[in-house]
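**Q** Spelled out, the chains give:
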Amino acid sequence: MRDSVTAFPLTYQPIENTERWDFSSIYYDGQHAYDGPGIDVNDEPVYFAGARLGACWTGGDEAEILDATLVFSAWCMTHDFRFSSARPWLSRLANAREVKWDEAFAEALANRAESVLRGAALVGCLRAIGGMLYRRPNGRPAIARRAREAFDNCGAVYGLADLLADDAHAHLCFAERSVLPPEKSPDPDRSELVRRTLVTRGWERLAAAAVVAYDEPWSPFVQYRLRHELKEHRSAQSLMEPSRRGLIRIIETIVEAVECRWPDAQRRWREAPPRDEIYVYFIVRPRPGEPTAETQEVAAMVTETRQAAGSWHQLV
Amino acid sequence: MNETDRRLIDAWNDADNLERRGDWVGALARLREVISSTDMGLPSPTRRDDGIVQFAIDARWLALRARESFLALSLGQGGEAPHQYLAMYESLSPQLPESSSVLRFWMGRLRVAVALDHGRHHSAMEWALDLLDVLAEEPSLGSRAEALGNLAVSASGVGLRATAARLYAQAMEAAASPADAAGVKSRHASFLYNGGDAAAAATEYTEVVDVLEAVDDPTPNDLLEIVGARSRRAELRVAAQDYTAAVDDARIAAVTLEQARALTAYASARAIDQLVEDELMRLTQTLRGVPTDIEGLHAAVGEVLLRMTNSALAALNRRETPGSAADLDSDPDPRPLPDLSTSALARARLAKRWYPIEQHEVDAFLHGDPTVMIVATNETEDELEGLTVLVGNGGQKLVRWTVQDEAASVLRDLLRPSPARDAEPGAWGRPTSDPIFELLGRALLPVESLRQSTEGWTHGLRYAPYGPMWRLPIGALIADGEPLGTRVPLVATTPGARSSAPAARALTWAGHFDLALTWAVSDLTASLRRASELGVDLRLVDEPGEAIATADVFLFSGHGHLSPSGQLLRFASGATLSGPQVRAMKPGSSVLLNACWTGTVNDETGSDPVDLVLSMLGAGANSVLSALGPISDTYAARFFKAVVDRLGPDTTLPVAHQQAVRCLLEADPELPLTAWAPFVTVARTPYHR
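Going down the list, the protein sequences come from chains A and B. Every number in the numbering used here is 16 more than the matching position in the first sequence, counting from 1. Every number in the numbering used here is 34 more than the matching position in the second sequence, counting from 1.
Honestly, I wouldn't trust all of these hints.
[Unchecked claim] To give an idea of the chain B side of the interface with chain A (calculated C-beta under 7 Å), a few residues:
hint, residue
1, His156
2, Leu194
3, Ala196
[Stated by the list, open to error] Label pairs and their calculated CB-CB ranges:
hint, chain 1, residue 1, chain 2, residue 2, range
4, A, Asn169, B, Arg54, 53 to 61 Å
5, B, Pro173, A, Glu114, 25 to 33 Å
6, B, Glu700, A, Glu60, 42 to 50 Å
7, B, Ala210, A, Asp168, 50 to 58 Å
8, A, Glu165, B, Ser174, 48 to 56 Å
9, B, Ala170, A, Arg113, 20 to 28 Å
10, A, Pro233, B, Ala210, 53 to 61 Å
11, A, Gly76, B, Asp151, 25 to 33 Å
Hints were generated in silico from the structure; no laboratory data involved. The beta carbon of each residue, even a glycine, is placed where N, CA and C say it ideally should be.
Chain A with its partners taken away, still in its complex shape (with noise of 0.2 Å):
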């Protein structure tokens, strides 16, 4: 069981050493921008989330457990960046509960979240409470609105690139898994219609995602989810219509156009020794970017396109 929780080794992060990776400057601009209850994501209980769900289990209390799932959830979807981590345990939730994973219970939790969780750690429980409805498309926009929601509302200046990500994510995967392919559907022009309208929906979020990294300081974690998705989603260019293929092009860019931004960031990063968890998760840093005559082409132009519309929610 433990194993599962720490499914990385664990790092021997020494005892005395209180100095840590502050999170809440990848959300907020300064530290605890948003004040209130609940548990934000450089409290210590999100530091040891794992810590916490492992003693809980072990002591088996229902209401600590959900408790301490849903801050773990916060803790992978803040810290470690992956919704891989968290689904094991939110499944494992509802199979000790003996409930599915319905909109139902969902609703349940993001409740419980709301008093538990706040800030930043709020936005990422709900993201993940999200992500376990990946099948059940009529459930997933609800939680993805309080989770937008919850954004707006918890003083978070960063981490918008990371909630158009997801929903990139959620419209590609529901494409590419779930939707009949027209070769097997009874009605495959309607098929073939909701595919590709799913599809360039997803991207078109992702490309959206993609120019607010851009706006936001540099984030090693976003670079890499960009290029996760850019590569996950890789057979997905295929449903693109043709005459449209030309945006994966464009986010391509775009993303390169973020490796280069905040060069002075990502050679701290690049030097930083090594003694942070995090690495554990990115074991290939960053390349060095160069920009190219084509990435500065498409940075002037966005930062053109940013300054004509005047905020990014409207270019988005």
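Let chain A serve as the given structure and place chain B on it in line with the hints.
**A** Just chain B now, with coordinates in the frame of chain A:
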């Protein structure tokens, strides 16, 4: 199998057996023996071309050190050494995969203990879970009940109370024997008490006591569990105003403590055994809450005192050797005085180790004629003032006295250090020719007549000094329920040639900070930074010699310990302060020693005492602030910060010390004794100018 392998395996198996018998001290001693006698350890690092430093470490050595560190920490021994080992290990950890489950188990145990010791419950939880994993793979390595119990303690510490309650139940179920379960139950009782259920906690403690006292062949650990349970039950009973039962608990706890000490290896347990001292401290704190008219209180106090005192204190009552200071006393019937430099040390030499005093000695101590325990004097032009603790006549008294005119001049002569100082050969020399050392060595003055003449100033004493601090036992006194320091200075002032020179916040400071302690002294370093902004030349040094020879204020913040060769101040560079370096120190300087054991007398090894503080005074230091025993990093940093903040052009070190204690106690009257009592300033400078 080579010789080293065989010795390692033998020692490891011996430690297993001793630990199984509950003799952790014996196991620790066995491990230390093999570690010190085996040619193993950290080899010199090699630096590769790419800058990476490599060690080739024997995993067995790491496991031995981990086990030794864990046992030392659990027994409250070794000061910061276990923490240091862990810090060293963690700094190497990227290269240590912990592929050996034995190493992982002992490192896990050590990590849990350190984390709990520092109140880092989340970390403790993480490592307790890791321990459970190891034990799931190899159950023979250790006790699952202990891991579950620690998990429960840490879960409770982070507020997961329901989980903690269930984990405690699981731990009790997993315990191999009723005695093991009682150990868990004892912590569960504490958990219940913290949850506000004092009645349930008392019931749990009662069960623990019943179970363990029914064990036929109790181990020292069982006995110490009984002590803990009775001591805490006594606290609960005092709170419930069930004083008679509380006093009974305290008395039996003290007696049981002696039984634990008497068992095999515990017979060699020394006064540095922090675990025992903590329990005694707790018992005395409990007894302080009992009204004085409760029956049995006196006997209980006596039992506790019996365990608190060491061989030297016992010798105070033996009165074997007449002392020259008897001339000072105007008492028509001068009593012979013990000469501690011979009798107590002779006894200590014979005993080799900690020497428990006997009941008749304590009776004499409590019911015999008054014995003077300490002297603290203040010098003015024509009189000397002093503070004296009289122990005897069925109680203890604190006396404040004044000597005028002729008597003052005699006493002053006695206190005055001899001006010439021989450059004696050898690393450490105790300048015994100096009258002040004779006086402090004797620690006893015949001032019964003074007591009579100052009857009106006498205060009742509720708490007596203990342990290895008999020489200057000022720090632990409480008069009329009020800590001594709030009314009178906590300093032993020894007037001397430089009595008019204030120990100002000087122009040159030198300090040493062990980086391993930096986390604990960050407040202190902030104060020093502020001092440097005020124009003080602050230098941080790694080598003691130059610093101590040139600094007006020398602040050592690091590790001090007792060894058979004497008191050592250990610098991070590995260097220790040597006798010649002390003798070359800058005259008139102030010394602040923020390190364990710097102010004590090293008598438990049976060797001649080496008194760091007295040597420094003898070498010309104006004042020395030191610790009488082990000190906690956190409290010490807070205390030294308070002192440093108060040092100024017009404030001497003794006065800064006194003000710091007052300020700390005013801010927090519940501050434990360990936060302020272990510190003592010995100075030539009077506190009044």
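**Q** Look at each hint and say if it fits the structure.
**A** Evaluation of the provided hints:
{"no.": "1", "hint": "His156", "verdict": "4 Å, holds"}
{"no.": "2", "hint": "Leu194", "verdict": "5 Å, holds"}
{"no.": "3", "hint": "Ala196", "verdict": "4 Å, holds"}
{"no.": "4", "hint": "A:Asn169 - B:Arg54: 53 to 61 Å", "verdict": "59 Å, holds"}
{"no.": "5", "hint": "B:Pro173 - A:Glu114: 25 to 33 Å", "verdict": "32 Å, holds"}
{"no.": "6", "hint": "B:Glu700 - A:Glu60: 42 to 50 Å", "verdict": "32 Å, violated"}
{"no.": "7", "hint": "B:Ala210 - A:Asp168: 50 to 58 Å", "verdict": "57 Å, holds"}
{"no.": "8", "hint": "A:Glu165 - B:Ser174: 48 to 56 Å", "verdict": "55 Å, holds"}
{"no.": "9", "hint": "B:Ala170 - A:Arg113: 20 to 28 Å", "verdict": "25 Å, holds"}
{"no.": "10", "hint": "A:Pro233 - B:Ala210: 53 to 61 Å", "verdict": "56 Å, holds"}
{"no.": "11", "hint": "A:Gly76 - B:Asp151: 25 to 33 Å", "verdict": "28 Å, holds"}
Checked against the numbered hints above, the structure violates only hint 6.
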